[in-house]
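The task is simple: from the sequences and hints, build the whole structure.
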Amino acid sequence: MSPPVAPPGWSRWLVPPAALSVHLSIGQAYAWSVFKPPLESALGLSGTQSALPFQLGIVMLGLSAAFGGTLVERNGPRWAMTVALVCFSTGFLIASLGAATEQYWLIVFGYGFVGGIGLGIGYISPVSTLIKWFPDRPGMATGIAIMGFGGGALIASPWSAQMLKSFGSDSSGIALAFLVHGLSYAVFMTLGVLLVRVPRGDKPPVKAGPAPLDGVQVSANSAVRTPQFWCLWVVLCMNVTAGIGILEKAAPMITDFFADTSTPVSVSAAAGFVALLSAANMAGRIGWSSTSDLIGRKNIYRVYLGVGAIMYLLISQFGDSSKPLFIVCALVILSFYGGGFATIPAYLKDLFGTYQVGAIHGRLLTAWSTAGVLGPLIVNWIADRQKEAGKHGAQLYDTSFLIMIGLLVVGFVANELVRPVHARHHIPAPREAADDDSVQPQQSA
Amino acid sequence: MTTPSSPSSPPDLPHSRLRSSGGTPIPLIAFAWLWVGAPLCYGLYELVLKAKQLFAG
Chain A
1 MSPPVAPPGW SRWLVPPAAL SVHLSIGQAY AWSVFKPPLE SALGLSGTQS
51 ALPFQLGIVM LGLSAAFGGT LVERNGPRWA MTVALVCFST GFLIASLGAA
101 TEQYWLIVFG YGFVGGIGLG IGYISPVSTL IKWFPDRPGM ATGIAIMGFG
151 GGALIASPWS AQMLKSFGSD SSGIALAFLV HGLSYAVFMT LGVLLVRVPR
201 GDKPPVKAGP APLDGVQVSA NSAVRTPQFW CLWVVLCMNV TAGIGILEKA
251 APMITDFFAD TSTPVSVSAA AGFVALLSAA NMAGRIGWSS TSDLIGRKNI
301 YRVYLGVGAI MYLLISQFGD SSKPLFIVCA LVILSFYGGG FATIPAYLKD
351 LFGTYQVGAI HGRLLTAWST AGVLGPLIVN WIADRQKEAG KHGAQLYDTS
401 FLIMIGLLVV GFVANELVRP VHARHHIPAP REAADDDSVQ PQQSA
Chain B
1001 MTTPSSPSSP PDLPHSRLRS SGGTPIPLIA FAWLWVGAPL CYGLYELVLK
1051 AKQLFAG
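Sequence order for the protein chains is A and B. For the first sequence, my numbering gives the first residue as 1, with consecutive numbering after it. For the second sequence, my numbering gives the first residue as 1001, with consecutive numbering after it.
Because the hints were derived from the structure by calculation, they are not lab data. Honestly, I wouldn't trust all of these hints.
Unchecked claim - EDC-like mimics (lysine to aspartate or glutamate), calculated; alpha carbons at most 20 Å apart, straight line:
{"no.": "1", "chain 1": "A", "residue 1": "K387", "chain 2": "A", "residue 2": "D260"}
{"no.": "2", "chain 1": "A", "residue 1": "K323", "chain 2": "A", "residue 2": "D398"}
{"no.": "3", "chain 1": "A", "residue 1": "K249", "chain 2": "A", "residue 2": "D260"}
{"no.": "4", "chain 1": "A", "residue 1": "K165", "chain 2": "B", "residue 2": "E1046"}
{"no.": "5", "chain 1": "B", "residue 1": "K1050", "chain 2": "A", "residue 2": "E248"}
{"no.": "6", "chain 1": "A", "residue 1": "K249", "chain 2": "A", "residue 2": "E416"}
Said to hold, decoys possible - Simulated coverage check for chain B against chain A, where a stretch passes if three residues somewhere in it have a Cβ under 8 Å from a Cβ of chain A:
{"no.": "7", "region": "1025–1034"}
{"no.": "8", "region": "1038–1045"}
{"no.": "9", "region": "1049–1055"}
Note that beta-carbon positions come from the ideal geometry of N, C-alpha and C, so glycine has one too.
Written out as structure tokens, the structure reads:
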């Protein structure tokens, strides 16, 4: 299947909404928690069991992005978006059948396994294409799309809750809600499939900005053998771990921090804090990623990791004495968390070129899977141990925060070690002499 | 908005007022952004309602 090439005059401003239609849909994954209580009461599940579809979905996201990236590069964004649409929507339909027949394994298989493949392929589907359409602003372009993944949960969370309220929280109500989700997302994602195009190979859409590495092109297989890939893997893993550490435990954390003060935080205020963190996460994706186009990728990661460590230090030292300070520091950390996700494709493009940047990005996302386990594990395990030791309030998190600072410093050092990729990893490029842009070779076919 | 230019793009004529400089119909671009923008605005609105609780509580 050859990628859909844009006809002459095709506006590149149609590509971000195409990407957003996919990312806003698959971002629903982060709103899975809405379905947990109804599933638990309707099917008699434990909390661990009801989390299984989401967990399997995230595992499949990492695996399908890592192993499907090369296919996405070969077949193009329309193929990838179609696969994402079919898998994500079919996953909901299978889950609907599972809820209707009260067969929980069908929900796990449908939403987690089949839907999870849709998550992974959908996540990487527009990245490489956006970078090619916006060689002058790759950070902004990927920031828009990856912001959508954060925005998807904002939409799905109230929408799904409203649907369960209308249809009921029993198994037939959940089944109907899954069915409506599957059909609605299929329609919504169709826009992406119809609109996405790769730029014409014979002419770049606009003149590229300063090419940092002089048109270097590296294949995905070669990229994983370079120290640069693994430095960026560490950078992403450390940055995400630091963000998840707060995100995953935000509500109990702010409650604990101010439990012994004259201004304790109520449950509803803690929910408001979580909502603000989501906003910071999303704003960081577009804001910081766009800033990276101006100040450079290495510099922006210096900010994420260096200033992030300072924010953690401030929280650990003064957080329980000032609520505004705690909130501001947490918001900044979460904005860096989102920014780290959104800027990494452009960083990869700078180092490895656009040739197989989607596939390289897919493989790098294993850092996300690792961080997804590491971050909550550190914070929860240490908080539990501290509680057993008789500590309370902000003391529960002191050690975790120091570990986070250490991890961010490790990430900072890894970022400093990033150098241009050695010429032995570059692909032979007969077109290089003729083309000074970074358009993928197969697009000219 | 910057759009790709091409030698075969139609020139800007009076009847092409509803087209971007590259030739893509502007209503199509507007529709595409509205398609994704409307649900996003709904999500942001709901988020603001929830975030207000931090300052109310």
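20 Å Cα cutoff - pair K1050(B), E248(A): holds, 18 Å
Hint consistency between K387(A) and D260(A) [alpha-carbon to alpha-carbon, up to 20 Å]: At roughly 15 Å apart (the allowed maximum being 20 Å), D260(A) and K387(A) satisfy the hint.
Within 8 Å of chain A (C-beta), three or more residues of the region 1049–1055 of chain B: holds (count 6)
Within 8 Å of chain A (C-beta), three or more residues of the region 1025–1034 of chain B: holds (count 4)
20 Å Cα cutoff - pair K249(A), D260(A): holds, 18 Å
Chain A covers the region 1038–1045 of chain B, three or more CB atoms within 8 Å, holds or violated: holds (count 5)
Given hint E416(A) paired with K249(A) - CA-CA distance at most 20 Å: Violated, at roughly 30 Å.
Holds or violated: K165(A) to E1046(B), with C-alpha atoms at most 20 Å apart: Distance of about 16 Å is within 20 Å: holds.
Agreement of K323(A) and D398(A) with the hint, judged by alpha carbon distance not exceeding 20 Å: With a Cα-Cα distance of about 16 Å, the restraint between K323(A) and D398(A) holds, given a limit of 20 Å.
Checked against the numbered hints given earlier, this structure breaks only hint 6.
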